[in-house]
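> Sequence:
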Amino acid sequence: MTSRVRSGIGVWLCLSVPLCLAVAISSRTDPGELGAPVYWTWALTGLQVMALWVAGRGQAWGWMVGSAVQPGWIAYALLTNQLGFVIGCGISTGVQLSAYMRAYSAAVRSPRPVRPPLPFNPQLDRRHWTPGLTCPHRLTGRDH
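If you count the sequence shown from 1, position 98 lands on 98 in the working numbering, and the numbers rise without skipping.
Hints in this document: simulated from the structure, not taken from any laboratory.
All of these numbers come straight from a predicted model, not from anything done at the bench.
There's no promise every hint is true.
[Said to hold, decoys possible] Estimated spans, in silico, between C-beta atoms of each pair:
| hint | residue 1 | residue 2 | range |
| --- | --- | --- | --- |
| 1 | Ile87 | Val38 | 18 to 28 Å |
| 2 | Ile87 | Val17 | 39 to 49 Å |
| 3 | Val108 | Thr29 | 22 to 32 Å |
| 4 | Ser105 | Gln82 | 31 to 41 Å |
| 5 | Gly35 | Ala107 | 39 to 49 Å |
| 6 | Thr29 | Arg102 | 33 to 43 Å |
| 7 | Gly94 | Thr45 | 36 to 46 Å |
| 8 | Arg57 | Leu13 | 39 to 49 Å |
| 9 | Leu21 | Ile91 | 36 to 46 Å |
| 10 | Arg28 | Ser105 | 23 to 33 Å |
| 11 | Ser110 | Gly10 | 37 to 47 Å |
In this text, a Cβ means the ideal position worked out from N, Cα and C, and glycines have one as well.
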């Protein structure tokens with residue numbers, strides 16, 4: 001097991017364990033109608049939507065965050081006696097962890113190339129262009 005995999009597991013545990021504990025502790029102090037405070041549905045949904053948005057923008061860690069939210073949903077489901085959530089969350093966790101592993105391995109196999117900076121040319125750089133010089137687009141041979 002590589003150090004990156006161990007750190008990924010550590011991040012996942014650091015996100016999911018406190019979230020589960022927070023859901024469980026808050027249900028003891030403020031049980032609400034269902035057995036857990038209603039604000040957890042909003043908080044967990046917000047985290048899940050944010051994770052999907054990040055993953056949709058091509059960031060592999062979005063899948064990791066999304067899978068780390070699922071144990072929080074499982075804790076909420078168990079506390080509110082909505083056992084149907086448990087199966088769906090288990091499947092969602094597997095799908096999101098699989099997507100994370102695919103995205104992570106693809107990023108490791110082919111990192112994005114880094115382009116070197118373009119050389120500075122004060123005659124072509126519009127920030128340093130003055131009206132007395134030839135118009136920058138004429139120096140490149142392009143028309144407007």
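> Does each hint hold? Answer for all of them.
Here is how each hint holds up against the structure:
no.: 1; hint: Ile87 <-> Val38: 18 to 28 Å; result: 22 Å, holds
no.: 2; hint: Ile87 <-> Val17: 39 to 49 Å; result: 21 Å, violated
no.: 3; hint: Val108 <-> Thr29: 22 to 32 Å; result: 43 Å, violated
no.: 4; hint: Ser105 <-> Gln82: 31 to 41 Å; result: 35 Å, holds
no.: 5; hint: Gly35 <-> Ala107: 39 to 49 Å; result: 41 Å, holds
no.: 6; hint: Thr29 <-> Arg102: 33 to 43 Å; result: 40 Å, holds
no.: 7; hint: Gly94 <-> Thr45: 36 to 46 Å; result: 20 Å, violated
no.: 8; hint: Arg57 <-> Leu13: 39 to 49 Å; result: 25 Å, violated
no.: 9; hint: Leu21 <-> Ile91: 36 to 46 Å; result: 23 Å, violated
no.: 10; hint: Arg28 <-> Ser105: 23 to 33 Å; result: 41 Å, violated
no.: 11; hint: Ser110 <-> Gly10: 37 to 47 Å; result: 25 Å, violated
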